[in-house]
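Novice: Please work from the sequences and hints to get the whole structure.
Protein chains in written order, with numbering that gives the first Met the number 0: chain A, 0 to 609; chain B, 0 to 126; chain C, 0 to 154.
Some hints could be false.
[To be verified] For each label pair, taking beta carbons as the anchor points, the in silico distance ranges come out as:
{"#": "1", "chain 1": "C", "residue 1": "Gly143", "chain 2": "B", "residue 2": "Arg16", "range": "43 to 51 Å"}
{"#": "2", "chain 1": "C", "residue 1": "Asp133", "chain 2": "A", "residue 2": "Gly592", "range": "48 to 56 Å"}
{"#": "3", "chain 1": "C", "residue 1": "Glu152", "chain 2": "A", "residue 2": "His19", "range": "17 to 25 Å"}
{"#": "4", "chain 1": "C", "residue 1": "Gly143", "chain 2": "A", "residue 2": "Lys542", "range": "16 to 24 Å"}
{"#": "5", "chain 1": "C", "residue 1": "Asn31", "chain 2": "A", "residue 2": "Thr94", "range": "38 to 46 Å"}
{"#": "6", "chain 1": "A", "residue 1": "His562", "chain 2": "C", "residue 2": "Glu152", "range": "26 to 34 Å"}
{"#": "7", "chain 1": "C", "residue 1": "Cys103", "chain 2": "A", "residue 2": "Asn35", "range": "48 to 56 Å"}
{"#": "8", "chain 1": "C", "residue 1": "Gly143", "chain 2": "A", "residue 2": "Glu414", "range": "27 to 35 Å"}
{"#": "9", "chain 1": "A", "residue 1": "Lys542", "chain 2": "C", "residue 2": "Lys38", "range": "44 to 52 Å"}
{"#": "10", "chain 1": "C", "residue 1": "Glu152", "chain 2": "A", "residue 2": "Glu25", "range": "52 to 60 Å"}
[What the hints assert, rightly or not] Take a look, some chain A residues computed to stay more than 12 Å from chain C by CB distance:
{"#": "11", "residue": "Asn263"}
{"#": "12", "residue": "Cys466"}
{"#": "13", "residue": "Val600"}
[To be verified] Computed, partial: chain B to chain A, Cβ under 7 Å:
{"#": "14", "residue": "Arg2"}
{"#": "15", "residue": "Leu3"}
{"#": "16", "residue": "Ile5"}
{"#": "17", "residue": "Leu8"}
{"#": "18", "residue": "Gln15"}
{"#": "19", "residue": "Arg17"}
{"#": "20", "residue": "Arg22"}
{"#": "21", "residue": "Met34"}
{"#": "22", "residue": "Leu51"}
{"#": "23", "residue": "Ile54"}
{"#": "24", "residue": "Asp61"}
{"#": "25", "residue": "Ile63"}
{"#": "26", "residue": "Leu64"}
{"#": "27", "residue": "Thr66"}
Don't read these hints as lab results, they were simulated from the structure. Ideal placement from N, C-alpha and C gives every residue a C-beta, glycine not left out.
Given next are the chains, with one letter for each unit.
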Amino acid sequence: MKQYRLQVMVCAGTGCVSNHSFELKEALDREIKKHNLQNETEVVYTGCNGFCGAGPIVVVQPDGIFYQLLKVTDIPHLVEEHLLKGRPVKKNLYTPPAEKTPIPKMADIPFFSDQTLIALRNRGMIDPEKIDDYIARGGYKALAKVLTSMKPDEVMSEIKASGLRGRGGGGFPTGVKWETCKKAHGDTKYVICNADEGDPGAFMDRSIIEGDPHAVIEGMIIGAYAIENVHQGYIYVRMEYPLAIKRFQIAIQQAREYGLLGKNIFAKGFDFDLDVRRGAGAFVCGESTALMASIEGRPGEPRAKYIHTVEKGLWDCPTCLNNVETWVNVPQIILKGAKWFSSVGTGDVSIDPWGGSKGTKVFSLAGKVNNTGLVEVPMGISLGDIVYKIGGGIREGKKFKAVQTGGPSGGFIPESMLDIPVDYEELTKIGSMMGSGGMVVCDEENCMVDMAKYFLKFTQEESCGKCIPCREGTKRMLDILERITIGEGTEEDLLLLEELSNMIVESSLCALGGSAPNPVLTTLKYFREEYEAHVKNKKCPAKICRQLLTYTIDQKICLEIGHGCGVCKKNCPDAAIIGERKTVHYIDPVKCGKCGACYDVCNFNAIIIE
Amino acid sequence: MPRLKIEDLDKIADQQRRKMTVREGGGKAKITVHMGTCGIAAGARNIMSTFLKEIEAHNAHDVILTTSACAGLCSREPMATVELAGQAPVKYVDLTEEKAKKIFASHVLQGKLVQDYALSIGSERIQ
Amino acid sequence: MELNVQQKAEEIVNRWNCAPSNVIEMMHDIQNEFNYLPKELLYEISNKVNVPIAKIYNIATFYNAFSLKPKGRHRVHVCMGTPCHALGAPRVVSAIERELGIKCGDTTPDMKYSLDICGCVGTCGLAPVVIIGDDLFGPIKVDGVPRLLKKYESK
Chain A
0 MKQYRLQVMV CAGTGCVSNH SFELKEALDR EIKKHNLQNE TEVVYTGCNG FCGAGPIVVV
60 QPDGIFYQLL KVTDIPHLVE EHLLKGRPVK KNLYTPPAEK TPIPKMADIP FFSDQTLIAL
120 RNRGMIDPEK IDDYIARGGY KALAKVLTSM KPDEVMSEIK ASGLRGRGGG GFPTGVKWET
180 CKKAHGDTKY VICNADEGDP GAFMDRSIIE GDPHAVIEGM IIGAYAIENV HQGYIYVRME
240 YPLAIKRFQI AIQQAREYGL LGKNIFAKGF DFDLDVRRGA GAFVCGESTA LMASIEGRPG
300 EPRAKYIHTV EKGLWDCPTC LNNVETWVNV PQIILKGAKW FSSVGTGDVS IDPWGGSKGT
360 KVFSLAGKVN NTGLVEVPMG ISLGDIVYKI GGGIREGKKF KAVQTGGPSG GFIPESMLDI
420 PVDYEELTKI GSMMGSGGMV VCDEENCMVD MAKYFLKFTQ EESCGKCIPC REGTKRMLDI
480 LERITIGEGT EEDLLLLEEL SNMIVESSLC ALGGSAPNPV LTTLKYFREE YEAHVKNKKC
540 PAKICRQLLT YTIDQKICLE IGHGCGVCKK NCPDAAIIGE RKTVHYIDPV KCGKCGACYD
600 VCNFNAIIIE
Chain B
0 MPRLKIEDLD KIADQQRRKM TVREGGGKAK ITVHMGTCGI AAGARNIMST FLKEIEAHNA
60 HDVILTTSAC AGLCSREPMA TVELAGQAPV KYVDLTEEKA KKIFASHVLQ GKLVQDYALS
120 IGSERIQ
Chain C
0 MELNVQQKAE EIVNRWNCAP SNVIEMMHDI QNEFNYLPKE LLYEISNKVN VPIAKIYNIA
60 TFYNAFSLKP KGRHRVHVCM GTPCHALGAP RVVSAIEREL GIKCGDTTPD MKYSLDICGC
120 VGTCGLAPVV IIGDDLFGPI KVDGVPRLLK KYESK
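Specialist: And the structure:
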């Protein structure tokens, strides 16, 4: 067996790949050969490291030196200096915003050091396309333990005792779900992994699958064993994640070759196999009944859940569906025990499974924060810690306005509530929800009415159209919001919005409709003054809603710096800009359609918006 | 690939252990070869290869081998620092392949310092 | 290129065991290969798998992934995830519209480009994100749009 002294870990998550990490590896291999280091150094692809804003990322082990924003042209110098001479290259290291000294070691960077890894334990450590790497980190040990020394009921009680709850958003206790499925009548049952991560701004599942697909598979085999009578499972991945689909297919193939999927696993007489199904770009398919309809080859329309899917799900058989992150936690709970898992988090789940939030939660932190990426934190940490300690605060020193959790089903949380702990119940209490873990930070330059409109537009477009409250109600709400953002809103509209919201919440068929008004309700509650500025003063304080702005040209800048370049005139669709080349340009306020094209195209920031 | 038996998991993990020790940055001993320009000129590459060969030969999964820049004592190159977990690092100077092998066998594997080649125990700390 | 409908349909249907429940997967394969769903192929699949053509059209119009109209050679998608929206994706869409001279959802007359918006692609660290064919780009600024499209000018 070949022994290398250095392992160069090249991140091959979607983000880094789009920033040319494959080319980086080629350059690394080439330079390493040039310095005759190929017998000492191995270059390895890893899954997503979660610090996507800093990509492409390369980590040099054993010292854990973290390189960011690398270019192919940086590689020759890096190989000679670091890999040969052992001197980390300063200019490619990570330097925290507003600081001067770089932090060379990955483990010392606050973004990473403040995290607790369970679901992401293998991130950056293994090549996701090599099953042996996963096994080397203790992979499939939990499966071996379950099949040799645990009865299905014992597995079940362990999961129940751990307090694990659904990571897809609802927070339903996993053990309770498994048990109900187990008790349901039927000789054929199914398990499903929901990887239809449709929440915009959420990419936890993508990252987990790309980085550690075998952990999901192992979790599902264990689940199938515990529930009993389950011999087939499905992984439903949205088609927007082509790399995740590919990694799953490779992983399933490898597991089959090793006999970890298929007949008679580990020669213990247990059969189970898995298949991948591709989503087709419908958000509603993240809802369990819609997802199952889609696997059956039908349009993904939800049905009323008088009978739950654990009783009658896929092809009317009892079906247990869990989210990617939920499944990934399972092998760790089996290996380290329920006690270990429940020592992290809030509340007490020993009597009431809803009594607390245990373990960790992965969030994708994005928007106007300095460090965008994936963070795994213990339940109970405050929102403020996530945004400021791990996220490194707001970009460009701007002022924080809100953090949006839970995607289109969640709400906006204002600054005054940043100290509440992250926990299923706490977030629901203030009108938001845990959701699958998207966390989008907004600063003073984001208009809350516009953001609410954005989400409503999203749910309205994604509404499957089966039930009227969701189909028509969200449409009417969107109409009102459109009116408000073009300056035609009235104060009564705000009351009507609230009334409609409550009606939709109460009467929608599925959770997509039932939670669709949350972004509007929370912004109305916490940022009402912004709505009022739109309807009373016809102003958008954040200068986002274009129809409420007036556009003028700063004459001095236009003439002296831009020399009357005329780009704005060329791009104005309304022919509202007057002026010859090399002279000052003006905007005719009567003709101006307020589209903002001039503002976008001006290279000298001469367009003033008020 | 054959179907796995349960005991195969440990075998695979064992084969991969070396790789994982390097990635996890753990290990019971760490050897640092000083590879400044002077070090390379004095033959540090050879010393590095010798250590690597020893690690392979002894299947020493938990020994980490790294490089660092010039240690500032160019006249005594090639140099290496051996650091056992929980102990002060020891600097060795004027290394040759033979000396490297001996240091590996005695200090790294058995924890017995090779006094004759050692320059100092402990090292300066940078803040 | 003459399309042998019979043969193609046969190939795709067999890949998915001729199972009616795999119709969506078959349609994915067609969409990936032709950039849209040619009518003749859908009819052929309908016959072979024994799923009414009305049901296939129901699926094709329900899911965003499928298009019944031919699309351009380079499919330009602008991600509409929340971070992309917050960081100015709508302005990127307008900029591409201006550059290509088409509206979002349309295809250029020479069948070279089509412009659509799409759901979050999960690379929020790179927001705002534009996807052209299989390539993903980000962060894209409004003034970077002409340069971005230029890369595909000769392809």
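Novice: Against this structure, judge whether each hint is valid.
Specialist: The hints, checked one at a time:
For Gly143(C) paired with Arg16(B), a C-beta distance near 47 Å keeps the hint of 43 to 51 Å intact. Evaluation of the 48 to 56 Å hint for Asp133(C) and Gly592(A) yields a failure: the beta carbon distance comes to about 36 Å. Separation of Glu152(C) from His19(A) is about 20 Å and conforms to the stated range, judged on CB atoms against 17 to 25 Å. Checking the proposed 16 to 24 Å range against Gly143(C) and Lys542(A) shows it holds: the Cβ atoms sit about 22 Å from each other.
Evaluation of the 38 to 46 Å hint for Asn31(C) and Thr94(A) yields a pass: the beta carbon distance comes to about 42 Å. The given range of 26 to 34 Å is respected by His562(A) and Glu152(C), whose C-beta atoms sit roughly 29 Å from each other. Range check, Cys103(C) to Asn35(A): Cβ separation about 53 Å, and the 48 to 56 Å hint holds. Our hint of 27 to 35 Å for Gly143(C) and Glu414(A) holds, since their Cβ atoms are close to 33 Å apart.
Distance hint check: the CB atoms of Lys542(A) and Lys38(C) are about 48 Å apart, consistent with the given range 44 to 52 Å. The hinted range of 52 to 60 Å is not satisfied by Glu152(C) and Glu25(A), whose Cβ atoms lie roughly 26 Å apart. Every CB of chain C is more than 12 Å from the CB of Asn263(A) (nearest about 23 Å), matching its label as outside the interface. Against chain C, the non-interface label of Cys466(A) holds: every CB pair exceeds 12 Å, the least being about 15 Å.
Separation of Val600(A) from chain C is inadequate, the least Cβ-Cβ distance of about 8 Å not exceeding the 12 Å criterion. Checking Arg2(B) against chain A by beta carbon gives a least distance of about 3 Å; that is within 7 Å, so the hint holds. Below 7 Å, beta-carbon pairs count as interface contacts, and Leu3(B) has one with chain A at about 5 Å; its hint therefore holds. Hint on Ile5(B) holds. Least Cβ distance to chain A is approximately 5 Å, under the 7 Å limit.
With 7 Å as the threshold, the beta carbon of Leu8(B) comes within range of chain A, its nearest partner Cβ sitting at about 6 Å, so the hint holds. The interface hint given for Gln15(B) holds, since its Cβ lies 3 Å from the closest Cβ of chain A, which is under the 7 Å cut-off. Among the interface hints, the one on Arg17(B) holds; its C-beta lies about 5 Å from the nearest C-beta in chain A, closer than the 7 Å criterion. Of the supplied interface hints, the one on Arg22(B) holds, with its beta-carbon coming within about 5 Å of a beta-carbon of chain A, less than 7 Å.
Because the beta carbon of Met34(B) sits about 5 Å from the nearest beta carbon in chain A, less than 7 Å, this interface hint is met. Because the beta carbon of Leu51(B) sits about 6 Å from the nearest beta carbon in chain A, less than 7 Å, this interface hint is met. Here the hint on Ile54(B) is kept, as its CB sits about 5 Å from the closest CB of chain A, short of 7 Å. Using the Cβ-Cβ criterion of 7 Å, the hint placing Asp61(B) at the interface with chain A is not satisfied: the shortest such distance is roughly 11 Å.
At about 5 Å, the closest approach between the beta carbon of Ile63(B) and any beta carbon in chain A falls short of 7 Å, and the interface hint on this residue holds. Given hint, Leu64(B) at the interface with chain A, holds; its Cβ is 4 Å from that chain's nearest Cβ, closer than 7 Å. The interface hint given for Thr66(B) is met, as the beta carbon of that residue sits about 3 Å from the closest beta carbon of chain A, less than 7 Å.
Checked against the numbered hints given earlier, this structure breaks hints 2, 10, 13, 24; the rest are met.
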